[in-house]
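Asker: Each chain, letter by letter, is given below.
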Amino acid sequence: AQSVTQLGSHVSVSEGALVLLRCNYSSSVPPYLFWYVQYPNQGLQLLLKYTSAATLVKGINGFEAEFKKSETSFHLTKPSAHMSDAAEYFCAVRRSGNEKLTFGTGTRLTIIP
Amino acid sequence: DAGVIQSPRHEVTEMGQEVTLRCKPISGHNSLFWYRQTMMRGLELLIYFNNNVPIDDSGMPEDRFSAKMPNASFSTLKIQPSEPRDSAVYFCASSPGPQETQYFGPGTRLLVL
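Going down the list, the protein sequences come from chains A and B. Just add 1 to wherever you are in the first sequence, counting from 1, and you've got the working numbering. Just add 9 to wherever you are in the second sequence, counting from 1, and you've got the working numbering.
There could be a bad hint or two in this list.
Claimed, not checked - Quick list of in silico lysine-lysine cross-link-like pairs, BS3-like style, CA-CA up to 30 angstroms:
#, chain 1, residue 1, chain 2, residue 2
1, A, K69, A, K101
2, A, K70, A, K59
3, A, K69, A, K50
4, A, K70, A, K50
5, B, K87, B, K33
6, A, K101, B, K77
7, A, K101, B, K33
8, A, K69, B, K87
9, A, K101, A, K59
10, B, K33, A, K50
11, A, K101, A, K50
12, A, K70, A, K101
Said to hold, decoys possible - Partial pick of chain A residues on the chain B-facing surface, computed with a CB cut under 7 angstroms:
#, residue
13, Y40
14, P41
15, Q43
16, L47
17, L49
18, D86
19, K101
20, T106
Unchecked claim - Here are the computed distance ranges between Cβ atoms for each label pair:
#, chain 1, residue 1, chain 2, residue 2, range
21, A, Q46, B, T85, 20 to 28 angstroms
22, A, A18, B, H19, 46 to 54 angstroms
23, B, P90, A, T73, 23 to 31 angstroms
24, A, Q46, B, R50, 40 to 48 angstroms
25, B, M24, A, K70, 29 to 37 angstroms
26, A, S53, B, M49, 28 to 36 angstroms
27, A, P80, B, P63, 31 to 39 angstroms
28, B, M49, A, A18, 27 to 35 angstroms
These aren't lab readings, by the way, just hints derived from the structure by calculation. From the three backbone atoms N, C-alpha and C, an ideal C-beta is built for every residue, glycine too.
With these hints in hand, go ahead and build the complete structure from the sequences.
Answerer: Structure, rendered in structure tokens:
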């Protein structure tokens with residue numbers, strides 16, 4: 002069965018520092034991968050998705066993620082953190098031909114002024 | 010363009026009462042998904058519909074839960090009778106097609122006393 006593992010349930014970075022949120026997937030076939038962000042008391046919003054085109058995917062709000070098959074990873078990065086990035090981030094996987102998204106447990110990002 | 014609409018946003022009820030959560034998907038979207046989010050279990054897919062037809066309800070916890078989609082613009086998730094362990098945030102999401110990006114509503118926060 003496909004799944005994703007998010008390393009670190011809480012990550013804190015200083016404002017202006019690099020943001021790195023980790024996601025590893027397990028799938029027997031190349032999957033579709035997603036990052037969603039959830040701000041307090043809101044629903045999930047799609048940041049970016051990998052659909053087997055380019056391995057480096059650029060999303061909204063300056064975020065990007067790189068698909069590395071050799072490492073089965075899809076880590077989310079942003080060069081310079083902003084206070085408004087404080088939120089919970091979810092990695093998700095969907096197998097080709099399947100409608101169901103499987104979410105990771107989430108990483109809460111805190112930005113230190 | 011209006012996003013996914015959910016009502017109510019908050020619901021407090023007593024154990025044993027019937028609870029009905031409502032969702033209006035984005036116009037033109039053919040797929041609808043119900044999720045539950047808890048601290049212990051994270052985000053879980055409960056059921057999803059394609060063209061108003063339930064496709065997979067394997068995530069529905071037990072017979073106390075039921076979901077309907079009588080038309081393309083409305084879906085309900087009902088819990089009868091409710092129990093304290095049903096307390097969670099329930100999200101509805103819709104997508105243009107079954108394997109396309111899912112757009113989430115703001116969620117209904119349910120507390121069963």
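Asker: Would the pair K70(A) and K50(A) pass a check requiring their Cα atoms to be no farther apart than 30 angstroms?
Answerer: Distance of about 15 angstroms is within 30 angstroms: holds.
Asker: Can the restraint linking K101(A) and K50(A) be considered satisfied, given a maximum Cα separation of 30 angstroms?
Answerer: Satisfied, since the Cα-Cα distance of roughly 15 angstroms is no more than 30 angstroms.
Asker: Minimum Cβ distance from T106(A) to chain B below 7 angstroms?
Answerer: Holds, because the Cβ-Cβ distance from T106(A) to chain B comes to roughly 5 angstroms (cut-off 7 angstroms).
Asker: Does the Cβ-Cβ separation between S53(A) and M49(B) fall within 28 to 36 angstroms?
Answerer: holds, 34 angstroms
Asker: Should the hint that L47(A) touches chain B count as held when the rule is a Cβ pair under 7 angstroms?
Answerer: holds, 6 angstroms
Asker: Check the hint pairing K101(A) with K77(B) against an upper bound of 30 angstroms on the C-alpha distance.
Answerer: Status holds; Cα separation ~18 angstroms.
Asker: Just to be careful, I want the Cα atoms of K69(A) and K87(B) compared with a cutoff of 30 angstroms; is the pair within it?
Answerer: Judged against 30 angstroms, a Cα distance of about 42 angstroms means the pair is violated.
Asker: Is 40 to 48 angstroms respected by the C-beta to C-beta distance linking Q46(A) and R50(B)?
Answerer: violated, 21 angstroms
Asker: If you take the shortest Cβ to Cβ gap from D86(A) to chain B, is it below 7 angstroms?
Answerer: violated, 19 angstroms
Asker: Check the following: the C-beta atoms of M24(B) and K70(A) are separated by a distance inside 29 to 37 angstroms.
Answerer: violated, 49 angstroms
Asker: For K101(A) and K33(B), compute the direct alpha-carbon distance and say whether it is at most 30 angstroms.
Answerer: holds, 20 angstroms
Asker: Between A18(A) and H19(B), is the Cβ distance one that fits in 46 to 54 angstroms?
Answerer: Given a distance of about 36 angstroms, which is not inside 46 to 54 angstroms, the answer is violated.
The structure fails to meet hints 8, 13, 14, 17, 18, 22, 23, 24, 25, 27 from the earlier list, while all remaining hints are met.
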